[in-house]
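K.L.:
Spelled out from the first residue to the last, the chains are:
There are 2 protein chains.
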Amino acid sequence: MDFDEHKKKSLDSLARAMERGEVDEGIIPLLELINSTTSFFTTSSCSGRISLSCVPLRGKKKDHVFIAKWHRKVEVEEVMEKVKMATASGMYGGAVLWLKCESFILHVGCRSVRDAGELIKLCVELGFKRSGIFRLEPFPFVEIIATDYIATPLGIDNRLKVDEDYIKFVVDVMNVRMEENDKKLKKLEEEFNRRFCQ
Amino acid sequence: MDFDEHKKKSLDSLARAMERGEVDEGIIPLLELINSTTSFFTTSSCSGRISLSCVPLRGKKKDHVFIAKWHRKVEVEEVMEKVKMATASGMYGGAVLWLKCESFILHVGCRSVRDAGELIKLCVELGFKRSGIFRLEPFPFVEIIATDYIATPLGIDNRLKVDEDYIKFVVDVMNVRMEENDKKLKKLEEEFNRRFCQ
Chain S
1 MDFDEHKKKS LDSLARAMER GEVDEGIIPL LELINSTTSF FTTSSCSGRI
51 SLSCVPLRGK KKDHVFIAKW HRKVEVEEVM EKVKMATASG MYGGAVLWLK
101 CESFILHVGC RSVRDAGELI KLCVELGFKR SGIFRLEPFP FVEIIATDYI
151 ATPLGIDNRL KVDEDYIKFV VDVMNVRMEE NDKKLKKLEE EFNRRFCQ
Chain Y
1 MDFDEHKKKS LDSLARAMER GEVDEGIIPL LELINSTTSF FTTSSCSGRI
51 SLSCVPLRGK KKDHVFIAKW HRKVEVEEVM EKVKMATASG MYGGAVLWLK
101 CESFILHVGC RSVRDAGELI KLCVELGFKR SGIFRLEPFP FVEIIATDYI
151 ATPLGIDNRL KVDEDYIKFV VDVMNVRMEE NDKKLKKLEE EFNRRFCQ
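Chains S and Y supply the protein sequences, listed in that same order.
So for the first sequence, this note's numbering puts the first residue at 1; every next one is plus one.
So for the second sequence, this note's numbering puts the first residue at 1; every next one is plus one.
Looking at chain S on its own, in the form it has when it is part of the complex (with noise of 0.2 Å):
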């Protein structure tokens, strides 16, 4: 499949994905903007998100199992209440308990090396240094993300080895963590309006 028979493959299931609500909000006005260039065009994004999770301690990523997803701030109250869910009903016997707070996520195919370079030099420039080109054929695909990453184990086996106090700082910490990722993704929507788009 060509770039173009691919963008347009890409334009429709965003289109659907859109339709089901199933796009994150805040990544949408980014997700336009790559999309309306000759140059790139979106796959798969996410705005970034905070998680709550179990996976066996010496375990494959597939066997990851979400317990819950927020994409924006949370209440240490609605966490609360997914943790204790997941304590209650044995969720993660045999695995660990994690808090996540990931930053966004997104995958963007260029119509050549050339475009794939401006683009992660771009990325590099605004202090996305994680973000680079994952793939060359067809044709390059770049991942943008930023490096802020917070995991934090809070048990194993159904035993919790923190408390509310615990779990009500790491929150605030996330949250500070969900605003500073929105600034990013908003100067991450400026910088390519003005780089690609003018």
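Among these hints, one or two may not hold up.
If several chains are the same, the list does not tell them apart, and a pair holds so long as it fits within one copy or across any two.
Unchecked claim - Derived BS3-like pairs (lysine-lysine); straight-line CA-CA distance at most 25 Å:
no. : residue 1 : residue 2
1   : K183      : K73
2   : K82       : K8
3   : K161      : K73
4   : K9        : K129
5   : K168      : K100
6   : K121      : K186
7   : K100      : K69
8   : K187      : K100
9   : K129      : K100
10  : K100      : K184
For the record, the hints were derived by calculation from the structure and aren't laboratory data.
Since this is a predicted model, take the numbers as computed values, not measurements.
With chain S's structure known, arrange chain Y on it following the hints.
P.N.:
Same frame as chain S, now just chain Y:
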């Protein structure tokens, strides 16, 4: 500076760093393997580490202060000693104290875009899907990195929010990750050898 000049400079600088004992031992066989090829050379690297650091809550990366780094599995006693030292000395007044576990990371210069493409293909096949080309000029550079990452905030403003039992738990989880990290590094070494050195 062209590829061969840059490679010569990087090898000289690696040799000096090794003489000073500044290169993590676990990653040396892989560095030597990569540098033995005509298509690749390494610049910076880390074999994976557990660290204790403090960073202002709304902080810049540059305000990051390391309290301790270990390029190996750790004992809870040595971590507690550093945590207590940091708390007593007021080192993280106004900041968050973090315990982190990061996978190996290395940067590889590649003679051509085609070589870089082969290298990232290998990385993705091995599950190191955060790897990618982060720079194209004057020749491509690839960052190889595994996906595992733990970053747990322990306290703020010189006040711990967790007890020793929790730190013991986190250290156990991190030590399992360090074991898995070593296996991944070994696997990368074997596959790089099979694909690029024979």
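K.L.:
Run every hint past the structure and note whether it holds.
P.N.:
Here is how each hint holds up against the structure:
1. With identical chains, the CA atoms of K183 and K73 are at most 25 Å apart within one copy only, with a shortest distance of 13 Å there and 37 Å across copies.
2. For a Cα distance limit of 25 Å, the shortest separation of K82 from K8 qualifies neither inside one copy, at 40 Å, nor across copies, at 55 Å.
3. For the homomeric pair K161 and K73, the shortest alpha-carbon distances inside one copy (23 Å) and between copies (21 Å) are both at most 25 Å.
4. In this homomeric assembly, K9 and K129 come within 25 Å of each other (Cα to Cα) only across copies, at 24 Å, whereas the closest approach inside a single copy is 29 Å.
5. Both within a single protomer and between protomers do K168 and K100 lie at most 25 Å apart by alpha-carbon distance, with minima of 14 Å and 20 Å respectively.
6. In this assembly of identical chains, the alpha carbons of K121 and K186 lie at most 25 Å apart only when taken from the same copy (18 Å versus 32 Å across copies).
7. In this assembly of identical chains, K100 and K69 lie within 25 Å of each other by CA distance both inside one copy and across copies; the values are 9 Å within and 23 Å between.
8. Within a single copy, K187 and K100 get their C-alpha atoms as close as 23 Å, which meets the 25 Å cut-off; across copies the closest is 28 Å, which misses it.
9. For a Cα distance limit of 25 Å, the shortest separation of K129 from K100 qualifies both inside one copy, at 20 Å, and across copies, at 19 Å.
10. With identical chains, the CA atoms of K100 and K184 are at most 25 Å apart both within one copy (19 Å) and between copies (23 Å).
Checked against the numbered hints above, the structure breaks only hint 2 and satisfies the rest.
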